[in-house]
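To convert, take the position in the sequence shown, counting from 1, and add 8; that gives the working numbering.
It is worth saying that the hints were derived from the structure and are not from the lab. These figures come from a predicted structure and were not determined experimentally. Hints are not guaranteed to be accurate.
[To be verified] With beta-carbon atoms standing in for the labels, derived distance ranges: (1) E142 - G89: 32 to 40 Å; (2) P255 - Q141: 31 to 39 Å; (3) N84 - G152: 35 to 43 Å; (4) D67 - Q96: 44 to 52 Å; (5) A179 - R252: 24 to 32 Å; (6) E196 - E236: 37 to 45 Å; (7) E236 - E165: 23 to 31 Å; (8) R172 - A262: 31 to 39 Å; (9) S128 - E165: 20 to 28 Å; (10) A179 - S143: 20 to 28 Å; (11) E199 - G92: 14 to 22 Å; (12) D189 - G89: 18 to 26 Å.
Cβ coordinates follow ideal geometry from the N, Cα and C atoms, glycine included.
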Amino acid sequence: TSVAWQDHRPGGDPFPTGRTDLVRVLPAPDSSTPLAGTATGGTAEETDGGGQGEVAAPDLLYCPSQLVLRAGLAANALMEGIHGPLAQLLIPEDQRDKHQERIDLVKARGGVTKVHTRASTWGIPFSWFSLFQESDPRDVVESGGRIVTVRVWAKIEDALERVRYAVANLALAAPDLDMLDDMTQLTEWLELFDPHSVVELDYGAVADKVYPDDSPMDVRLGIECLAEGDMTGAAAAYRRLASRWIPIRQLARAS
Numbered sequence: 009t010s011v012a013w014q015d016h017r018p019g020g021d022p023f024p025t026g027r028t029d030l031v032r033v034l035p036a037p038d039s040s041t042p043l044a045g046t047a048t049g050g051t052a053e054e055t056d057g058g059g060q061g062e063v064a065a066p067d068l069l070y071c072p073s074q075l076v077l078r079a080g081l082a083a084n085a086l087m088e089g090i091h092g093p094l095a096q097l098l099i100p101e102d103q104r105d106k107h108q109e110r111i112d113l114v115k116a117r118g119g120v121t122k123v124h125t126r127a128s129t130w131g132i133p134f135s136w137f138s139l140f141q142e143s144d145p146r147d148v149v150e151s152g153g154r155i156v157t158v159r160v161w162a163k164i165e166d167a168l169e170r171v172r173y174a175v176a177n178l179a180l181a182a183p184d185l186d187m188l189d190d191m192t193q194l195t196e197w198l199e200l201f202d203p204h205s206v207v208e209l210d211y212g213a214v215a216d217k218v219y220p221d222d223s224p225m226d227v228r229l230g231i232e233c234l235a236e237g238d239m240t241g242a243a244a245a246y247r248r249l250a251s252r253w254i255p256i257r258q259l260a261r262a263s
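Please work from the sequences and hints to get the whole structure.
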């Protein structure tokens, strides 16, 4: 059974008001004890402090949903590619201005200095896999015989060590690669958090189409091959990644 909950607000305001903002709390992942999880929908998410974040108690981690802030960022990104009457129809200007006031209030009240969650639709950026390895703890959430989502965790200090290694090698071997810029941004983002925090990769609805997934290993092998000048090995790693993820990204344009 599928149930849709609708929040009817006067004026057609499409944005969250902040009254429903939540904080997700969970035990610090133990590599020997996968956590029981619940499904999250739709997009792949990478959360820091992650779906987790900074240490809130000796064995607890937390991550605020930041719905007001993230909705504003998503709307701005959407408006960058849409103009004219369609933009006004999707998100009226007066509603965007009203939501900006909410964002300013949240920032002033809560001292927001960082976004805890990054999201991607129809696939996971290859750069995100540089933060994780096959040995990292994970939780496979299943329901009705299908995989609902997969969550993988890594300590931020470990994730930073991995992505810095990747950045250093790509800067020498492939300085023009777009993934280098993505990894540099990831590094800067992770450095905003306490080193004892955890970063989580949540596959969301794409998990059922790719899991079990060797993408972290393929990204690592590809970078190692580039560093060693093994272009054949690097190309093979990229082909494995592309064959796995391009069909999923093409679903975004399917009718």
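Hints versus structure:
Under the hint 32 to 40 Å, the C-beta atoms of E142 and G89, about 36 Å apart, fit the expected range. Between P255 and Q141 the CB atoms are about 25 Å apart, so this pair departs from the stated range of 31 to 39 Å. For the pair N84 and G152, the beta carbons lie near 37 Å from each other, so the given range of 35 to 43 Å is met. Checked against the given bound of 44 to 52 Å, the beta carbons of D67 and Q96, roughly 49 Å apart, stay inside it.
At roughly 26 Å, the beta-carbon separation of A179 and R252 lies within the given 24 to 32 Å, and the hint holds. Range check, E196 to E236: Cβ separation about 27 Å, and the 37 to 45 Å hint is violated. As the Cβ distance of E236 to E165 is approximately 26 Å, the hint placing it in 23 to 31 Å holds. Taking 31 to 39 Å as the suggested C-beta distance range, the pair R172 and A262 conforms, at roughly 38 Å.
Between S128 and E165 the CB atoms are about 24 Å apart, so this pair conforms to the stated range of 20 to 28 Å. Distance hint for A179 and S143: a CB-CB separation of about 26 Å, consistent with the stated range 20 to 28 Å. At about 39 Å, the beta-carbon gap between E199 and G92 misses the expected band of 14 to 22 Å. The given range of 18 to 26 Å is respected by D189 and G89, whose C-beta atoms sit roughly 20 Å from each other.
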